[in-house]
Amino acid sequence: MSAPTAVVVRLKLSLLRNGLRQSAGRRAAYVASAVVVLLVAALQLVGLVALRGHAHAASLVVLLVAVLGLGWAVMPLFFPSGDETLDPTRLVMLPLRPRPLVRALLAASLVGIGPLFTALLLAGSVVSVAHGATAYGVGVLGAVLGLLVCVTLARAVAAANIRLLTSRRGRDLAVLSGLVVAVGAQVVNFGAQQLGSSGLGRLDPAADVLRWVPPAAAVGAADSASEGSYGSAAAQLLLTAAALGALLVVWERSLTRLMTAPDGSTFQAAGSGTRERRGSSGLARLLPAGRTGTVMERSLRYVWRDPRTKAAWVTSLAIGLIVPVFNALQGTGSPYFACFAAGMLGIQMYNQFGQDTSAFWMVALSISSTRDAYAELRARALALLVITLPYTALVAVVTTGLLDDWPRLPEVLGLSCALLGAMLATGAWTSARFPYSIPQEGYKNVAPGQAGLACTAIFGGMVAAALLCAPVIAVTIWLNVSAGGDAWTWLLLPAGAAYGATLTCLGLRLAAPRTAARLPEILTAVSRG
Amino acid sequence: MSSAVRVHGLWKRFGQQVAVAGIDLDLPAGRFIGLVGPNGAGKTTTLSMVTGLLRPDGGTVEVVGHDVWRDPVEVKARIGVLPEGLRLFERLSGRELLGYTGRLRGLPGAEVDKRATQLLDVLDLAGAQHKLVVDYSTGMRKKIGLAAALLHNPEVLFLDEPFEGVDPVSAQTIRGVLERYTASGATVVFSSHVMELVESLCDWVAVLAAGRIRAHGPLEEVRGSAPSLQKAFLELVGARERDAGSDLDWLGGGPR
Numbered sequence: 001m002s003a004p005t006a007v008v009v010r011l012k013l014s015l016l017r018n019g020l021r022q023s024a025g026r027r028a029a030y031v032a033s034a035v036v037v038l039l040v041a042a043l044q045l046v047g048l049v050a051l052r053g054h055a056h057a058a059s060l061v062v063l064l065v066a067v068l069g070l071g072w073a074v075m076p077l078f079f080p081s082g083d084e085t086l087d088p089t090r091l092v093m094l095p096l097r098p099r100p101l102v103r104a105l106l107a108a109s110l111v112g113i114g115p116l117f118t119a120l121l122l123a124g125s126v127v128s129v130a131h132g133a134t135a136y137g138v139g140v141l142g143a144v145l146g147l148l149v150c151v152t153l154a155r156a157v158a159a160a161n162i163r164l165l166t167s168r169r170g171r172d173l174a175v176l177s178g179l180v181v182a183v184g185a186q187v188v189n190f191g192a193q194q195l196g197s198s199g200l201g202r203l204d205p206a207a208d209v210l211r212w213v214p215p216a217a218a219v220g221a222a223d224s225a226s227e228g229s230y231g232s233a234a235a236q237l238l239l240t241a242a243a244l245g246a247l248l249v250v251w252e253r254s255l256t257r258l259m260t261a262p263d264g265s266t267f268q269a270a271g272s273g274t275r276e277r278r279g280s281s282g283l284a285r286l287l288p289a290g291r292t293g294t295v296m297e298r299s300l301r302y303v304w305r306d307p308r309t310k311a312a313w314v315t316s317l318a319i320g321l322i323v324p325v326f327n328a329l330q331g332t333g334s335p336y337f338a339c340f341a342a343g344m345l346g347i348q349m350y351n352q353f354g355q356d357t358s359a360f361w362m363v364a365l366s367i368s369s370t371r372d373a374y375a376e377l378r379a380r381a382l383a384l385l386v387i388t389l390p391y392t393a394l395v396a397v398v399t400t401g402l403l404d405d406w407p408r409l410p411e412v413l414g415l416s417c418a419l420l421g422a423m424l425a426t427g428a429w430t431s432a433r434f435p436y437s438i439p440q441e442g443y444k445n446v447a448p449g450q451a452g453l454a455c456t457a458i459f460g461g462m463v464a465a466a467l468l469c470a471p472v473i474a475v476t477i478w479l480n481v482s483a484g485g486d487a488w489t490w491l492l493l494p495a496g497a498a499y500g501a502t503l504t505c506l507g508l509r510l511a512a513p514r515t516a517a518r519l520p521e522i523l524t525a526v527s528r529g
Numbered sequence: 001m002s003s004a005v006r007v008h009g010l011w012k013r014f015g016q017q018v019a020v021a022g023i024d025l026d027l028p029a030g031r032f033i034g035l036v037g038p039n040g041a042g043k044t045t046t047l048s049m050v051t052g053l054l055r056p057d058g059g060t061v062e063v064v065g066h067d068v069w070r071d072p073v074e075v076k077a078r079i080g081v082l083p084e085g086l087r088l089f090e091r092l093s094g095r096e097l098l099g100y101t102g103r104l105r106g107l108p109g110a111e112v113d114k115r116a117t118q119l120l121d122v123l124d125l126a127g128a129q130h131k132l133v134v135d136y137s138t139g140m141r142k143k144i145g146l147a148a149a150l151l152h153n154p155e156v157l158f159l160d161e162p163f164e165g166v167d168p169v170s171a172q173t174i175r176g177v178l179e180r181y182t183a184s185g186a187t188v189v190f191s192s193h194v195m196e197l198v199e200s201l202c203d204w205v206a207v208l209a210a211g212r213i214r215a216h217g218p219l220e221e222v223r224g225s226a227p228s229l230q231k232a233f234l235e236l237v238g239a240r241e242r243d244a245g246s247d248l249d250w251l252g253g254g255p256r
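Listed in order, the protein sequences are those of chains A and B.
Residue numbers are given in the numbering used here: position 357 of the first sequence equals residue 357, and the series is strictly consecutive.
Residue numbers are given in the numbering used here: position 119 of the second sequence equals residue 119, and the series is strictly consecutive.
In case anyone wonders, no lab produced these hints; they're calculated from the structure.
Ideal placement from N, C-alpha and C gives every residue a C-beta, glycine not left out.
Each hint should be verified, as a subset may be incorrect.
Claimed, not checked - According to the in silico footprint, chain B covers these stretches of chain A (three or more CB under 8 Å from chain B):
hint: 1; region: 293–307
hint: 2; region: 351–365
hint: 3; region: 510–522
Given these sequences and hints, build the entire structure.
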């Protein structure tokens, strides 16, 4: 290993270690998420090995690797990732040439759970399609190339976007990338439906194309070699290697530009003019007086003005609409899918104080009792409801309308309200109990070492929300299966709404004393960005 | 003489590192008080604990007679804080930030707007009041932070490094406002490592080093017979002037 490479890899390891050293709970959360990931990786490895010899194994494996590649492409933008520990802009002042730097950063990116998972999946894919020594040889080479392509892809996307994310205008543009996730989820969903309806054979046409697209081409090469078409195998390997080369060049170029050009903050200072605004906005006049209105106004302004908040909202709004509506358009939907909107938007209640960043001190100084904390949390929930409630209703109406299933509208609305209420309740509670930092610089959504904590809060909260909704779901099922129950399903609308409202109130009441008692701890937890 | 802040046995440890090692302090009311010490002496940690933003491992803090941790209602209404290294709600304009802070503190809307206008005027921010705070320079940020801390007319004002990175013009403005504020009987506690500044502003100082109070009292008392606070300070914290010639003999311009 050359000198900078060794140093950067060591730096990454120390950053990981130091992130974990901060508290036992954080360490436990990180270890737990690592165990889960490795368990999933082991299971899919076993599954892929068991698939060996199946007629459509190659198609499935190629598709899997393609989805994995897509995941690597979008991951740095949207998901809390421990892989982006090394921000190249922090190395700006060091006399490093781009090429050794790229080599060093690439080596560092190979350290972590994500790359390990990818390596296991690629290994499993090769085992399930390779037959014969040559095929294995090609497969091993392919797996290595595939892994490098995945990691480089993530790095190149991240480096290209760091400029976008650091300029204020650019950050607003980055919001559009949220749609990439929405569309990606839709593609996976569509594929799964195709499989469900007509077996693995339906994968073949898609796989025939994808086996020529890196990183899936790397696994395609192993399959081609197994079938004896060595020419194709060589071409697919070459294609993967060429893709790797191209990505490295793109990455190196953006790194060079990043480290030599002035960053977004400089442009901003030079170019921004003073815009005159009216003293109080029209919005303020519609909101209630006191803390409630003040906090609501601030929250709603942030939805529009803060790029991170805005990106999260646009993503939630887009996915919440696309999933039920696309499914309805494809004829495979159910009106119940409309509840997805409530679930997606409810996520915005999570980590409320982390969204404030260290500016939370201004809030902390103004909370001196449980009642203040309750008012603060309730105002944030209300601000959310101003957008969420009409949007959820709209999605429910559009979905049921597209499916022409109007009789189900009341129960869908009722279920949505219950789910929204449960999400707000669990969101408020986890905000007080599991706050974490959202770094404002760079392109991470979670500070290093807090990813496990964030996942625990979000996924634990969502499971809890689903469980809390169980009574309403049970009644819905019961009314739908029992004779004559259809006549009473309209009752689910008021019942679901009342249930959701009750859950929210209870959640806020439980969260308020915790918030008031833990203000310094929350401030410390959210100030790491 | 009544005290504005009374600290007893204050401790804070971060892992193995002891940041504040048992501080006892009695800060008199109505004074301009300087908390001085080298970087890492525990100034920010102490101020954070005194203002209720950081929980101490041990000890008590009373501000104007009320315990910070047992009686936050009384304390939080009476203090103004300008921390160092923490953000503001930067996606609000300067005026919106003041409106938000004032209303959060429970002041009536009309009163907040009136005070905000005056503060923006005095602090020379009227021209930038509709600009987002994210676009403000360091000096402007300190000034809008100071305005937010003063808005509810606190009895005690805590400022962590209020002059750090501030241009001379803004520094003079901040100084003027603070002098007027203490002249009316209010207390200002501010931290700094710039001795000349402390010497020219404060009438009472506490010297902090390695998490302990080394000296405290009226400025003349702490300075003693030393020609300047700087000299007295260096003696107190035990910094010796080393003979630089022997260690760094390779350092210097000229041909290589």
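Consistency of the hints with the structure:
1. 293–307: Holds, because 9 residues of the region 293–307 of chain A bring their Cβ atoms closer than 8 Å to Cβ atoms of chain B.
2. 351–365: holds (count 9)
3. 510–522: Check passed, 3 qualifying residues.
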